[in-house]
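A.B. asks: Going down the list, the protein sequences come from chains A and B. Residues are numbered in the numbering used here as their position in the first sequence, beginning at 1, plus a constant of 5. Residues are numbered in the numbering used here as their position in the second sequence, beginning at 1, plus a constant of 228.
Calculated directly from the structure, the hints in this document are not laboratory data. Cβ atoms here follow ideal geometry from the backbone N, Cα and C, with glycine treated the same way. There are no misleading hints in this set.
Taking CB as the label site, the calculated pair distances span:
| no. | chain 1 | residue 1 | chain 2 | residue 2 | range |
| --- | --- | --- | --- | --- | --- |
| 1 | B | R507 | A | H23 | 36 to 44 Å |
| 2 | A | D11 | B | L386 | 48 to 56 Å |
| 3 | B | R507 | A | R110 | 34 to 42 Å |
| 4 | B | P297 | A | Q120 | 41 to 49 Å |
| 5 | A | Q177 | B | R507 | 34 to 42 Å |
| 6 | B | S321 | A | H187 | 42 to 50 Å |
| 7 | A | K62 | B | S321 | 30 to 38 Å |
| 8 | A | R110 | B | L486 | 53 to 61 Å |
| 9 | A | E77 | B | A320 | 18 to 26 Å |
| 10 | B | N338 | A | G67 | 52 to 60 Å |
| 11 | A | R90 | B | A320 | 19 to 27 Å |
| 12 | B | S321 | A | E77 | 22 to 30 Å |
| 13 | A | R218 | B | D415 | 39 to 47 Å |
| 14 | B | G345 | A | G17 | 47 to 55 Å |
Negatives, chain B to chain A, calculated, CB over 12 Å:
| no. | residue |
| --- | --- |
| 15 | I241 |
| 16 | T350 |
| 17 | T378 |
| 18 | F427 |
The primary structure of each chain is shown beneath.
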Amino acid sequence: MLEVYDLYSGYGKIEVLHGVFLRVSHREIVCIIGPNGSGKSTLLKSIFGLIKPYRGKIQFMGLEISQKDPEEKVALGISYIPQGRNIFPSLSVLENLEMGATPLRDPLKMKKAIQEIFDHYPLLEKKKRLKAGSLSGGEKQILALARTSMIKPELILLDEPSLGLAPKVVDQIYREIDLINHQGVTFLIVEQNARKALRLAHRAYVLDLGVNRLEDTGEGLLQNEEVKRLYLGG
Amino acid sequence: MSSFFLQTIFNGILAGCIYALFAIGLTLIYGVLNFVNFAHGELIMWGAYFLYFLMDRPLNLPLSIAFLPALCLTILLGLGSDRFIFKPLRKASRLTLLITSLGLSFFLRNGAQFFWGAEIRTYGFEIKRGMKLFGVSITPNQLAIIVSSTLCMILLYLFFYKSRMGKSMRAISDDLELARVMGIPSDRAIQFTWIIASFLAGLGGILLALDTNLHPGMGLINLVKAFAATLLGGVGNLWGALLGGMIIGLSENIAVLLLSPGYKDAIAFGIMVMMLLIRSSTIFWPKE
Chain A
6 MLEVYDLYSG YGKIEVLHGV FLRVSHREIV CIIGPNGSGK STLLKSIFGL IKPYRGKIQF
66 MGLEISQKDP EEKVALGISY IPQGRNIFPS LSVLENLEMG ATPLRDPLKM KKAIQEIFDH
126 YPLLEKKKRL KAGSLSGGEK QILALARTSM IKPELILLDE PSLGLAPKVV DQIYREIDLI
186 NHQGVTFLIV EQNARKALRL AHRAYVLDLG VNRLEDTGEG LLQNEEVKRL YLGG
Chain B
229 MSSFFLQTIF NGILAGCIYA LFAIGLTLIY GVLNFVNFAH GELIMWGAYF LYFLMDRPLN
289 LPLSIAFLPA LCLTILLGLG SDRFIFKPLR KASRLTLLIT SLGLSFFLRN GAQFFWGAEI
349 RTYGFEIKRG MKLFGVSITP NQLAIIVSST LCMILLYLFF YKSRMGKSMR AISDDLELAR
409 VMGIPSDRAI QFTWIIASFL AGLGGILLAL DTNLHPGMGL INLVKAFAAT LLGGVGNLWG
469 ALLGGMIIGL SENIAVLLLS PGYKDAIAFG IMVMMLLIRS STIFWPKE
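Sequences are here, hints too, so could you generate the full structure?
C.D. replies: Put into structure tokens, the structure is as follows:
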């Protein structure tokens with residue numbers, strides 16, 4: 006579904022990715038792990054078009070997309086959830102969902118999609134009038150996931166979903182990701198907190214200093230002695 | 229004495245209404261585009277002069293007919309300044325935008341002076357005696373100020389909390405990059421922001437000139453007051469701007485009870501300096 010071929014990217018003159026290769030198949034959960042500064046977030050931003058790659062190919066469902074804008078990619082079925090600030094804090098929970106529904110265009114469809122989300126997450130419905138900024142970290146992440154899955158994208162690019170969350174909450178987030186994946190949505194996840202992500206991922210890549218180091222199934226990387234030592238903290 | 233005090237309060241509210249119109253526009257531009265538009269005052273001033281132009285020779289239009297076209301011209305001026313000046317600089321640093329808006333402000337102020345001269349002008353209405361209400365004198369123009377600014381606030385509330393475009397503008401004001409990521413069309417929202425900000429500036433400028441007079445410097449002094457109101461209310465915060473405008477208007481007029489009226493403008497300046505000392509870092513540099 007998604008193929009990244011020899012991708013070079015970065016910020017202005019500072020090159021961060023020096024030739025990255027990556028493949029994500031339909032309905033897969035693929036995880037990218039690696040230390041701080043290895044270029045994980047830069048890779049996601051380059052795929053989504055927030056940063057224009059210098060060279061290399063990005064193909065999505067057979068289409069070359071490396072120079073397209075984020076808006077076009079949303080229309081093609083790619084969604085991106087940035088790390089940290091990924092909701093509108095001064096808008097209510099309901100308004101956040103309404104904004105998330107923008108690509109659906111038809112007001113009736115939007116209403117229906119939001120109702121489906123509320124049926125699935127009663128907690129969000131209970132808090133729909135509250136400012137999203139007042140939610141807990143886990144609730145914010147659930148809101149971001151709900152708002153994104155609502156428009157039924159083909160592929161979700163997810164940057165550090167566990168950032169700053171308690172372990173129990175991370176488990177819950179990963180259960181939601183699993184659930185959304187079973188509805189047919191493909192995931193490409195970047196994680197620093199790698200263990201939980203690898204347990205869920207079908208396949209995973211290790212990215213270090215802007216190039217791929219390893220590729221294996223999630224379980225395979227979890228058992229890999231070198232990965233354990235270097236990237237999972239023993 | 230009590231009716232004198234009531235009159236002071238009323239004058240404060242009156243000034244507050246106008247400052248609020250200016251401050252909401254200023255804060256809106258700041259929220260969505262993330263820079264302080266120092267040329268906002270010139271939209272106020274040009275709004276008033278557009279009306280003067282339409283009512284003066286050779287056109288001699290009556291107020292009722294000239295009013296809406298004058299507002300439309302102000303909106304065009306706002307949209308034009310975005311299209312030709314701020315849009316090409318969308319990715320520029322805040323400092324660049326700040327200096328650009330200062331330059332535009334000088335250009336527009338001197339432009340008005342070129343056409344109409346520096347002297348104080350009025351629309352040439354006879355001064356009407358105000359009607360008395362609870363010992364407070366209210367002229368028809370002042371009534372128009374209160375009614376139209378209240379109406380504006382209600383419409384703004386409905387727009388920002390009930391319409392999709394209004395909600396998009398609030399979302400963009402929260403986080404432009406996230407809005408782009410989510411596929412919210414930011415270009416149209418930015419245009420709408422300019423339309424609303426210029427409309428409020430033009431309306432406020434016209435109301436102010438109807439109640440007092442016009443001169444090319446009227447934009448600058450009112451920009452300072454709008455800026456002070458914006459700072460008081462928290463930059464980017466709509467209802468804060470409304471409240472800030474009221475506080476500035478009231479404190480200016482109440483201060484006149486104690487000080488000479490010559491110091492009236494110093495109040496807004498004082499509040500501005502004070503607020504800048506307290507929270508300057510959040511205004512000119514990114515909100516993190």
